[in-house]
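**Q** Going down the list, the protein sequences come from chains A and B.
Take any residue in the first sequence, count from 1 to its spot, add 16: that is its number in the working numbering.
Take any residue in the second sequence, count from 1 to its spot, add 16: that is its number in the working numbering.
Worth double-checking, as some hints may not be accurate.
Said to hold, decoys possible - Between beta-carbon pairs, the in silico distance windows are: (1) B:D328 x A:R395: 52 to 58 Å; (2) B:P473 x A:R395: 55 to 61 Å; (3) A:G316 x B:R390: 39 to 45 Å; (4) B:R109 x A:R416: 54 to 60 Å; (5) A:N103 x B:A320: 34 to 40 Å; (6) B:G239 x A:D402: 47 to 53 Å.
As the list claims (entries may be wrong) - To give an idea of the interface, some chain B residues facing chain A are shown, with a C-beta separation under 10 Å as derived from the structure: (7) V140; (8) A152; (9) I290; (10) G344; (11) I389; (12) A391.
Claimed, not checked - Covered by chain A, according to a simulated footprint, are these stretches of chain B (three or more residues, beta-carbon under 8 Å): (13) 145-151; (14) 200-206; (15) 233-240; (16) 248-256; (17) 304-314; (18) 413-425; (19) 440-448.
Hints were generated in silico from the structure; no laboratory data involved.
Remember, it's a predicted structure, so these values are computed and weren't measured experimentally.
Where is the CB? At the ideal position from N, CA and C, for every residue including glycine.
2 protein chains.
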Amino acid sequence: MAKQNGHRAERSGGGTRRINGRLLARLIGEAPVERPYYLAIARSVSGLVLDGRVPTNTRLPAERDLAAALGVSRNTVTAAYAWLRDNRFLESRQGAGSWTVLPDSGTSEPSPFIPTAEHIDLGVAAPPAVEGLRAAAFQAAERLSAHVGGLGYYPYGLPELRHAIARRYVERGLPTTPEQIFVTNGSQQGVALAVDMLLQSGDEVLVESPTYPHALDAIRQAGARVRTVGVTPQGWDMEYLVDAFRQWKPGLAYLIPDFQNPTGALMDDDERRILVREARRAGTHLIIDESVAELAIDSGDLPAPVAAHDTDGRVLTVGSVAKLLWGGLRVGWVRTTPPMVARLMAIRQRFDLAGAVMDQLTATHLLADVLRIRAERSRQLRRNRDVLLRALRERLPDWRPSVPGGGLVLWTTLPHPVASALATASVRHGVHPAAGPVFGADGTLERYLRLAYTQPPDVLTDAVERLATAYTETLVHPVQPRGQLYV
Amino acid sequence: MAKQNGHRAERSGGGTRRINGRLLARLIGEAPVERPYYLAIARSVSGLVLDGRVPTNTRLPAERDLAAALGVSRNTVTAAYAWLRDNRFLESRQGAGSWTVLPDSGTSEPSPFIPTAEHIDLGVAAPPAVEGLRAAAFQAAERLSAHVGGLGYYPYGLPELRHAIARRYVERGLPTTPEQIFVTNGSQQGVALAVDMLLQSGDEVLVESPTYPHALDAIRQAGARVRTVGVTPQGWDMEYLVDAFRQWKPGLAYLIPDFQNPTGALMDDDERRILVREARRAGTHLIIDESVAELAIDSGDLPAPVAAHDTDGRVLTVGSVAKLLWGGLRVGWVRTTPPMVARLMAIRQRFDLAGAVMDQLTATHLLADVLRIRAERSRQLRRNRDVLLRALRERLPDWRPSVPGGGLVLWTTLPHPVASALATASVRHGVHPAAGPVFGADGTLERYLRLAYTQPPDVLTDAVERLATAYTETLVHPVQPRGQLYV
Numbered sequence: 017m018a019k020q021n022g023h024r025a026e027r028s029g030g031g032t033r034r035i036n037g038r039l040l041a042r043l044i045g046e047a048p049v050e051r052p053y054y055l056a057i058a059r060s061v062s063g064l065v066l067d068g069r070v071p072t073n074t075r076l077p078a079e080r081d082l083a084a085a086l087g088v089s090r091n092t093v094t095a096a097y098a099w100l101r102d103n104r105f106l107e108s109r110q111g112a113g114s115w116t117v118l119p120d121s122g123t124s125e126p127s128p129f130i131p132t133a134e135h136i137d138l139g140v141a142a143p144p145a146v147e148g149l150r151a152a153a154f155q156a157a158e159r160l161s162a163h164v165g166g167l168g169y170y171p172y173g174l175p176e177l178r179h180a181i182a183r184r185y186v187e188r189g190l191p192t193t194p195e196q197i198f199v200t201n202g203s204q205q206g207v208a209l210a211v212d213m214l215l216q217s218g219d220e221v222l223v224e225s226p227t228y229p230h231a232l233d234a235i236r237q238a239g240a241r242v243r244t245v246g247v248t249p250q251g252w253d254m255e256y257l258v259d260a261f262r263q264w265k266p267g268l269a270y271l272i273p274d275f276q277n278p279t280g281a282l283m284d285d286d287e288r289r290i291l292v293r294e295a296r297r298a299g300t301h302l303i304i305d306e307s308v309a310e311l312a313i314d315s316g317d318l319p320a321p322v323a324a325h326d327t328d329g330r331v332l333t334v335g336s337v338a339k340l341l342w343g344g345l346r347v348g349w350v351r352t353t354p355p356m357v358a359r360l361m362a363i364r365q366r367f368d369l370a371g372a373v374m375d376q377l378t379a380t381h382l383l384a385d386v387l388r389i390r391a392e393r394s395r396q397l398r399r400n401r402d403v404l405l406r407a408l409r410e411r412l413p414d415w416r417p418s419v420p421g422g423g424l425v426l427w428t429t430l431p432h433p434v435a436s437a438l439a440t441a442s443v444r445h446g447v448h449p450a451a452g453p454v455f456g457a458d459g460t461l462e463r464y465l466r467l468a469y470t471q472p473p474d475v476l477t478d479a480v481e482r483l484a485t486a487y488t489e490t491l492v493h494p495v496q497p498r499g500q501l502y503v
Numbered sequence: 017m018a019k020q021n022g023h024r025a026e027r028s029g030g031g032t033r034r035i036n037g038r039l040l041a042r043l044i045g046e047a048p049v050e051r052p053y054y055l056a057i058a059r060s061v062s063g064l065v066l067d068g069r070v071p072t073n074t075r076l077p078a079e080r081d082l083a084a085a086l087g088v089s090r091n092t093v094t095a096a097y098a099w100l101r102d103n104r105f106l107e108s109r110q111g112a113g114s115w116t117v118l119p120d121s122g123t124s125e126p127s128p129f130i131p132t133a134e135h136i137d138l139g140v141a142a143p144p145a146v147e148g149l150r151a152a153a154f155q156a157a158e159r160l161s162a163h164v165g166g167l168g169y170y171p172y173g174l175p176e177l178r179h180a181i182a183r184r185y186v187e188r189g190l191p192t193t194p195e196q197i198f199v200t201n202g203s204q205q206g207v208a209l210a211v212d213m214l215l216q217s218g219d220e221v222l223v224e225s226p227t228y229p230h231a232l233d234a235i236r237q238a239g240a241r242v243r244t245v246g247v248t249p250q251g252w253d254m255e256y257l258v259d260a261f262r263q264w265k266p267g268l269a270y271l272i273p274d275f276q277n278p279t280g281a282l283m284d285d286d287e288r289r290i291l292v293r294e295a296r297r298a299g300t301h302l303i304i305d306e307s308v309a310e311l312a313i314d315s316g317d318l319p320a321p322v323a324a325h326d327t328d329g330r331v332l333t334v335g336s337v338a339k340l341l342w343g344g345l346r347v348g349w350v351r352t353t354p355p356m357v358a359r360l361m362a363i364r365q366r367f368d369l370a371g372a373v374m375d376q377l378t379a380t381h382l383l384a385d386v387l388r389i390r391a392e393r394s395r396q397l398r399r400n401r402d403v404l405l406r407a408l409r410e411r412l413p414d415w416r417p418s419v420p421g422g423g424l425v426l427w428t429t430l431p432h433p434v435a436s437a438l439a440t441a442s443v444r445h446g447v448h449p450a451a452g453p454v455f456g457a458d459g460t461l462e463r464y465l466r467l468a469y470t471q472p473p474d475v476l477t478d479a480v481e482r483l484a485t486a487y488t489e490t491l492v493h494p495v496q497p498r499g500q501l502y503v
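Work out the full structure: start from the sequences and follow the hints.
**A** Below, the structure written as structure tokens:
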């Protein structure tokens with residue numbers, strides 16, 4: 017009975033993660049340097065929550081513990097927690113402690129992902145919808161008449177969409193049948209289901225560092241031990257990659273060879289061949305994330321999809337229309353073997369049964385026009401990328417940004433390891449970059465920042481002005497977090 | 017290295033479940049009685065797969081093991097497996113064995129959930145779309161212009177939809193704010209996320225028996241120990257229910273008090289009050305599935321939602337538009353406290369980030385007209401239910417069907433424990449009922465069948481003809497499976 021009640025209190029106390037006073041103090045930067053202290057502490061913590069370094073739903077330490085760790089009075093921490101509660105970064109319940117939330121939770125305000133005039137979000141790499149999306153939605157409503165008499169469940173995906181996706185692979189040089197396509201509710205679901213299918217608890221999983229944090233979270237939550245291989249804007253260290261496969265023989269690897277997120281690196285044909293060969297030797301399944309594979313910016317031949325080197329069904333390719341067409345269209349897929357398609361379908365029944373019919377009809381319609389859309393996106397992204405690079409060169413000449421050949425983000429090196437402190441300061445100036453540690457599977461990435469160039473040129477220029485101000489402020493008042501929560 | 021290879025072979029061999037020769041023989045019914053034997057075996061196995069008693073993605077025993085367990089020659093089993101492969105119930109790979117799949121897997125044929133003239137599916141309780149759905153889809157396409165300039169991600173759900181859902185609860189007598197609503201990709205996702213949030217591995221979870229199999233699957237896969245409380249068309253044994261809470265103090269309970277699936281039982285106000293009181297005493301979170309709460313057939317006052325008795329945020333109510341509007345609209349929700357809404361949002365990021373915007377706009381539009389739609393569904397379902405009951409009374413007078421006051425299914429008692437054999441035989445006659453054991457959390461339910469009345473009257477009448485033929489055949493050739501895989 018006592019044990020049961022203990023369980024219950026823990027559960028209603030805001031989730032499974034905790035952070036102790038010592039670690040939170042380290043992340044905040046030991047002793048506050050700004051005055052009033054309580055506000056400096058509160059702003060540091062809110063910045064940590066905003067850039068994902070302290071996940072939402074993390075139980076914060078008791079006030080006295082954090083006070084001791086920071087060397088401040090308990091009243092200071094009480095005031096800091098009160099500010100966080102008032103600003104909706106913290107929820108508390110009597111006897112159950114306080115846990116982190118995002119500030120818009122429990123409000124009907126626009127979500128933090130929606131940019132407003134006051135707040136420029138360079139942290140989320142999602143472009144507005146392509147031209148023609150609304151027209152395609154009308155077409156979808158037209159074509160709905162062929163479906164409304166039925167049950168509306170297409171457990172494998174709408175047949176015409178599976179055809180359209182397969183045809184697109186054929187156009188890209190990879191023979192593919194509709195039976196090899198499993199339609200999902202976006203690429204994240206593709207990754208999550210593939211991991212659920214392939215991973216056995218305790219398996220080692222190889223990922224890049226830095227990498228896409230939501231995928232990493234899905235892999236970690238599935239109980240995997242994560243091994244990393246480094247990647248930079250210049251690419252993968254292939255010797256290290258080969259060694260990683262031979263030494264660890266991971267059960268699974270999750271990689272983004274096409275305009276890697278966040279570095280923008282593009283793996284060439286030879287490297288792809290070597291990757292698949294080593295995976296085969298090591299008995300590894302490869303989950304290849306092609307979310308932005310269709311978003312080349314500069315002209316030139318693209319390498320063939322990684323799956324073109326596959327000989328025995330070990331490459332699962334995850335794709336999505338979210339970046340090419342619009343994030344509000346929840347349509348992604350996994351390309352694999354027909355038996356694995358059947359297994360993915362069976363697993364999905366536990367999660368959400370099937371996908372939205374209208375979104376699938378809309379995506380089908382637009383995929384018929386993919387070449388025009390690619391060209392439109394390419395023009396738009398080239399313009400934005402170049403504006404952002406120019407503004408950075410002018411206002412922040414000692415930063416060293418990548419010049420990605422595709423995708424939606426650039427990855428810049430900072431002269432000092434202040435990414436998290438800078439992200440915190442930037443939020444105060446109404447701009448939200450993504451700090452390097454967000455993308456880290458291990459080690460710190462405090463010398464890096466990811467900036468999305470999905471917004472219009474004038475907004476990007478304005479954002480760089482704000483970043484420059486925040487950067488100066490950060491160097492003058494170095495509230496430097498160290499370490500990171502993902503350990 | 018050897019261990020790694022062993023892992024790999026197991027993984028590519030079709031999943032984590034296995035069934036041994038002895039157990040499969042028991043399910044088939046020990047020795048085949050029909051001739052040719054191989055066909056009797058193959059048909060039994062295909063029936064077990066079709067009604068979900070042997071899940072897809074289950075590794076079958078080696079041919080010699082099944083042959084020994086059935087007391088037949090190995091050639092007979094080889095021929096049975098070949099038939100299953102030819103009919104796409106089985107996939108095999110050299111060195112990796114054979115595993116069960118659904119026959120349409122890897123084809124672009126209509127899914128098994130889509131009824132055709134040759135095959136009447138009474139197993140899936142999903143009605144066609146309501147009138148006005150297509151018009152609402154056009155409205156949604158119109159209103160998309162307000163969204164296509166944004167990122168398309170609404171992690172909590174579209175604000176206007178959260179308002180519409182909250183308003184509907186208010187109309188039903190339960191004060192609710194939009195901040196209490198978390199929008200999901202259908203009710204199954206609501207259940208899966210709530211379980212993920214609330215369950216700690218090894219917890220006990222109380223469910224009804226019989227219950228909704230996909231929810232049960234999500235609970236089991238989360239690592240829960242399942243306890244059951246019985247329910248019949250006459251309702252819940254409240255004394256037993258109270259005792260279950262007091263004795264087991266489950267961390268979580270999943271219940272369907274509104275037109276329970278599959279029994280159709282409706283919990284009255286007093287019972288709801290007792291349920292919440294006992295949950296509070298035991299420290300149990302309640303997941304209340306209201307998927308069909310809006311589908312009353314007969315007139316009369318309905319009890320208030322279970323959450324109306326909640327005083328401390330322990331009731332999480334899961335709802336959906338799938339049954340009221342259309343299954344192809346992937347819109348559901350969880351009604352809970354604002355802090356839990358924030359936690360659900362954080363957890364969802366691992367799975368699929370957000371829901372489809374167009375579906376949410378369409379659902380918002382239709383919910384404004386919910387009273388007309390309820391009336392339309394009620395008329396349709398009353399007509400269908402009564403036609404099905406009449407046909408059963410005429411053709412199968414010794415069956416004892418429930419007369420549900422709402423929902424989409426009836427639950428009938430059979431005079432003999434032959435549900436699985438009957439389901440297998442029925443498929444041969446082009447009709448697919450759901451056998452009782454599909455809904456069992458424990459024990460066998462071989463004396464029960466669930467029949468959906470979502471199809472038009474003439475189809476239902478035809479289906480009963482076919483069921484009657486299959487039933488006669490089953491009694492004459494009793495290939496009786498015993499036991500069940502869910503143990």
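**Q** Just pull the numbers of the violated hints for me, sorted ascending.
**A** 3, 4, 9, 11, 12, 16, 17, 18, 19
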